[in-house]
Amino acid sequence: MRTRPAARAGQYAALLAYLVFLAFPLVWLASTAFKPPTELAGLHPTWIPQDPTLANFRQAFDEQPLLRAALNSLLTASAAAVVAVAVATPMAYVMARHRGALVRAVTGWVVVSQAFPFVLLIIPLFLVLRNLRLIDSLPGLVLVHVVWALPFALWMLTGYVRAVPAELEEAAAVDGAGRLRTLVSVTAPLLAPGIAATALFAFVTAWNEFFFALVLLKTPEQQTLPVLLTRFIGAEGVADLGPLAAAAFLATLPSLLVFALIQRRITGSLLAGAVKG
Amino acid sequence: MTSVTEARRSESRAPGPGRPARRAVDHGPWFLVLPALIPILVLSVGPLLHGILLAFTDAQSGRTEPTRWIGTLNFQDLLQDTLFWESFRIGLVWAVGVTVPQFLLALGLALLLDQDLRLRWAARALAIVPWAMPEVVVGIMWRLTYNPDAGILNETLRDLGFGGDRDWLSGLATALPAVIVVGVWAGMPQTTVALLAGLQNTPRELHEAAAVDGAGAWRRFRTVTWPALRPVALAITALNLIWNFNSFALVYVLTSGGPGGRTRLPMLFAYEEAFRYGQFGYAAAMGCVMVAAISVLLAVFLAGRLKGGDAP
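Residue numbers (my numbering), protein chains in the order written: chain A, 1 to 277; chain B, 1 to 312.
There's no promise every hint is true.
[What the hints assert, rightly or not] What follows is a list of derived Cβ distance ranges for each label pair:
1. A:P52 x B:N201: 41 to 49 angstroms
2. B:A211 x A:F24: 32 to 40 angstroms
3. A:L71 x B:W69: 43 to 51 angstroms
4. A:G100 x B:D77: 39 to 47 angstroms
[Unchecked claim] Just so you have them, the derived chain A footprint on chain B, three or more residues with Cβ under 8 angstroms:
5. 35-45
6. 92-101
7. 115-129
8. 247-256
9. 263-272
10. 276-286
[To be verified] Residues from chain B shown here face chain A by an in silico Cβ test under 10 angstroms; the list is partial:
11. P29
12. W69
13. L73
14. P189
Simulated from the structure, these hints should not be mistaken for laboratory data. Heads up, the beta-carbon is just placed ideally off N, CA and C, and yes, glycines get one too.
Isolated chain A, as found in the complex (with noise of 0.2 angstroms):
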């Protein structure tokens, strides 16, 4: 379509003005957690780190015990994202193909447990818990993370199996497979990018999930790293700026990441939802 240059201008301002509004604090987390202590302290922020150093990341991993903290991370969140796929995939593949009261409450759940203030849920899951002195453990943050990460990957996964047609699975039947084999041999196959996409999605969820674990979570050696991450910030609120700005910018990698490979499949699937739904 033809655009007057005017217009065009406009446009571009825009736009320009939108990359400054969402580059700025990014671009400030990577200067801040670049700056030598003596630049920090300045009385003139400079932008960029006039003489780059990695102290604040040294000094944020002598001051808390963060490799412990991301590895409670990359443990809760990969067990949370095996779990949760691996239970969701069935029941996702009978929401796709079959109609009836239960598949409907599922589905009404899905869409309920996106409105819930999680203190409702999080102070009897607390009670039970404790009862199973599961408070303070990585096991019990696995438990409820699985729940967290149900309802979306439900959502994803139906998309995906919609997505398979089911006059392959009917042909299969008909060579005289049964319901697991077609499943494990002919949809299993066609579904895999789908939920690998799925269990990604997971990961990055319980990686970056914070209030469960701040409510679950006491001892710092079983903090997960968003947890840990508020401990720079201190009681009164003064933080250490270099090593927090390092920290946190070390946190994001592995969510960064993993979003970067899924980012598409996403929202499609996320689309497919919201039109559809």
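Go by the hints and put chain B onto chain A.
Chain B alone, transformed into the frame defined by chain A:
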């Protein structure tokens, strides 16, 4: 064991002649449903119901005596709790204050990204980052940006000649607007991407036909783009309103609800009540009130949506 059952299963369902092939797909799927249904019931539906029951008890964190049923006492107390209603009001201001500008900005960006512009890739790439970031990191990043001495915001304002000596997050008047800006920033990518995908559902030919007919940009937007975009726009706005009303991590990291409670969202209030003061029953009652508020919000929204359906 599975293989034996499965063997029997497929035997009994051998597709004999005249047997419809569809049966293989329609036959009792209960064993596929249970793995997800059990955690949903035990760890989600159950606790939610339990949470609602707790709202009618005097459950406390460290108490040794058994928990007692106290009827609607928590709710009566809550009615008188001016601090809670203040946080409720702040929650509404925050939810609307984030959702509306975010929608308008995201719509603008989506419309731009739908055009053939040169820097499109940069905006697309940048838009992924806030979406993928842990909320805690977003909060920390903005704390660094807002920092009165070492932050870039004040320095930029100084360079532009606007003073630039404000402590944004600690000022009574500036704290809420400051966190709202962060909320807008943090959720904008997701909203943009949803709207952009909605835009791509708009039939191109319709656009071109309208342009040929001499329709201006605004007219084209109103008659062609918006009708196609509306379902996505409404869905994402409803979700954003709810998510924002329930949000926690971002503001917890930015201000912890301060200064003087000016940014204490309902979730922060309930969290403190439950896990700082151990008032489980009372906090559960707050959760119930929030659920009721969200239901009303949704009802109002949906009613508006139905009414809007008559418009061209």
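Q. Can we keep the B:W69 interface hint, with Cβ of chain A closer than 10 angstroms?
A. It is violated, given that the least Cβ distance between B:W69 and chain A is near 16 angstroms, above 10 angstroms.
**Q.** 8 angstroms C-beta test of the region 92-101 of chain B against chain A, three or more residues
**A.** violated (count 0)
Q. Taking 10 angstroms as the limit, does the beta-carbon of B:L73 come near enough to a beta-carbon in chain A?
A. B:L73 check fails; min Cβ-Cβ to chain A is 17 angstroms, beyond 10 angstroms.
Q | Stated coverage of the region 263-272 of chain B by chain A [criterion: 3+ residues, CB within 8 angstroms] | A | As far as the region 263-272 of chain B goes, the hint holds, because 4 residues have Cβ atoms under 8 angstroms from chain A.
Q: Let me know if the C-beta of B:P189 comes in closer than 10 angstroms to any C-beta of chain A, holds or violated.
A: 8 angstroms, holds
Q.
Within 43 to 51 angstroms: is that where the Cβ-Cβ distance between A:L71 and B:W69 falls?
A. 44 angstroms, holds
Q: Could you say whether the range 41 to 49 angstroms given as a hint is met by the Cβ separation of A:P52 and B:N201?
A: 45 angstroms, holds
(Q) Just to make sure I understand the rule, a stretch counts as covered if three or more of its residues have a C-beta closer than 8 angstroms to a C-beta of the chain. Does the region 247-256 of chain B meet that for chain A? (A) holds (count 5)
(Q) Can you confirm whether chain A covers the region 115-129 of chain B, using C-beta to C-beta distances below 8 angstroms and requiring at least three such residues? (A) holds (count 11)
Q. Do the numbers back the hint for B:P29, that is, is its least Cβ distance to chain A under 10 angstroms?
A. 4 angstroms, holds
Q | Verdict for B:A211, A:F24 (Cβ pair) under range 32 to 40 angstroms | A | 35 angstroms, holds
Q) Quick one: are A:G100 and B:D77 within 39 to 47 angstroms, going by C-beta? A) Holds - the Cβ-Cβ distance for A:G100 and B:D77, about 43 angstroms, lies within 39 to 47 angstroms.
Figure legend: structure checked against the earlier numbered hints; hints not met, in rising order: 6, 12 and 13.
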